[in-house]
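*Asks:* Using the sequences provided together with the hints, build the complete structure.
There are 2 protein chains.
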Amino acid sequence: MAARPAKKSIRNEIAILREHLAQHELRVTSQREIILETFLKMEHVTAEQIYHELTKRTPHIGLATIYRTLNLLCECGLAQQRHFGTQTHFDNVSHKGHHDHMICTQCGTIIEFENCDIEKLQEEVARRHKFHITTHKLELYGQCSTCHGKA
Amino acid sequence: MAARPAKKSIRNEIAILREHLAQHELRVTSQREIILETFLKMEHVTAEQIYHELTKRTPHIGLATIYRTLNLLCECGLAQQRHFGTQTHFDNVSHKGHHDHMICTQCGTIIEFENCDIEKLQEEVARRHKFHITTHKLELYGQCSTCHGKA
DNA sequence: TCTGATATTGATAATGAATCTCTTTATTAT
DNA sequence: ATAATAAAGAGATTCATTATCAATATCAGA
Ligand SMILES: [Mn+2]
Ligand SMILES: [Mn+2]
Ligand SMILES: [Zn+2]
Ligand SMILES: [Zn+2]
Numbered sequence: 001m002a003a004r005p006a007k008k009s010i011r012n013e014i015a016i017l018r019e020h021l022a023q024h025e026l027r028v029t030s031q032r033e034i035i036l037e038t039f040l041k042m043e044h045v046t047a048e049q050i051y052h053e054l055t056k057r058t059p060h061i062g063l064a065t066i067y068r069t070l071n072l073l074c075e076c077g078l079a080q081q082r083h084f085g086t087q088t089h090f091d092n093v094s095h096k097g098h099h100d101h102m103i104c105t106q107c108g109t110i111i112e113f114e115n116c117d118i119e120k121l122q123e124e125v126a127r128r129h130k131f132h133i134t135t136h137k138l139e140l141y142g143q144c145s146t147c148h149g150k151a
Numbered sequence: 001m002a003a004r005p006a007k008k009s010i011r012n013e014i015a016i017l018r019e020h021l022a023q024h025e026l027r028v029t030s031q032r033e034i035i036l037e038t039f040l041k042m043e044h045v046t047a048e049q050i051y052h053e054l055t056k057r058t059p060h061i062g063l064a065t066i067y068r069t070l071n072l073l074c075e076c077g078l079a080q081q082r083h084f085g086t087q088t089h090f091d092n093v094s095h096k097g098h099h100d101h102m103i104c105t106q107c108g109t110i111i112e113f114e115n116c117d118i119e120k121l122q123e124e125v126a127r128r129h130k131f132h133i134t135t136h137k138l139e140l141y142g143q144c145s146t147c148h149g150k151a
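In the order they appear, the protein sequences are chains S and R.
Quick note: the first sequence uses this note's numbering, first residue 1, plus one each step.
Quick note: the second sequence uses this note's numbering, first residue 1, plus one each step.
It is worth saying that the hints were derived from the structure and are not from the lab.
Check the hints yourself; a few may be wrong.
One copy or any two copies: either way a pair holds, since identical chains are not told apart in the list.
[Unchecked claim] Using 20 Å as the maximum straight-line C-alpha spacing, the simulated EDC-like pairs for lysine to aspartate or glutamate come out as follows:
hint: 1; residue 1: K137; residue 2: E124
hint: 2; residue 1: K130; residue 2: E114
hint: 3; residue 1: K130; residue 2: E112
hint: 4; residue 1: K137; residue 2: E114
hint: 5; residue 1: K137; residue 2: E112
hint: 6; residue 1: K56; residue 2: E37
hint: 7; residue 1: K120; residue 2: E139
hint: 8; residue 1: K137; residue 2: E123
hint: 9; residue 1: K120; residue 2: E19
hint: 10; residue 1: K137; residue 2: D117
hint: 11; residue 1: K137; residue 2: E119
*Replies:* This is the structure in structure tokens:
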């Protein structure tokens, strides 16, 4: 089956994926593009959520393919893995820069934020220990504004 | 089997555990105290590591008991769960306050640190979003001083 | 356009960490 | 010491994720 034409809004991400595939002698498949398209429509999504979304479709796409493709998206920088709860969530970072998260433990709402001052302080702490930071993870857990105050 | 007398150095932790057991109508067992003793000797330990350490001993202690007891230690504030890699690590926080971690992705070394300024900035960000923080997780990944520069 | 080499898929088996079940054993209040 | 029952240990079970492998799709080259 030939890959169908991409919607205008996700052309750039499709291009990034195809570029990555070309550079690694991997093939363009309809499954990979459909999964990317679905991934871009959702926020902080799990493999299961994408699988569930795609079960409506024909032809049916297997769960293993979802996992394989999500890992592929991580490799080409479109996605990043996050471990908020028990399952692994995949975060769309294609046209968002680096950011961190606040997670409401009551309703599950995820708020994104970025704070340069915190990152500078992290670098300062690392320098003191002669540690060289490549990535970091900052997660704030608690209650969002609507849940705070409720039983 | 009666619980054997605790070494002087961990008397305080044993006392905390026994206090918690008493308050919850749980029983003092030799397994619980041996696991606590082993836990306190190691840093950022996994259930498997404790299990491996204790297989040398008689009587044999089951893996399920290790998991059950480590969860117990979390409940009475002696331990805290961390998710550095794929497995869950248990951190001794009995006579350390809250702290965060730098993890060397090359040799696995874990450096502990605390930084009030970062925590203040976290509160500030949260306030801006009307978010109420209960806990947080800050992990810096990269290379430690000995690994940095090596191939 | 057709073909062959081979990358990919999907169904399913396998894995591994963590938990649950259930019978036996240990603890503790009386 | 005894009875009530909490806990241990062995092993089954769960659940997310990865591996296996035969069938299929892709794509460079004829
Ligand atoms: Mn995000
Ligand atoms: Mn620590
Ligand atoms: Zn909420
Ligand atoms: Zn190192």
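*Asks:* Taking each numbered hint in turn, which are not upheld by the structure, reported in ascending numerical order?
*Replies:* Of the numbered hints, just 9 does not hold.
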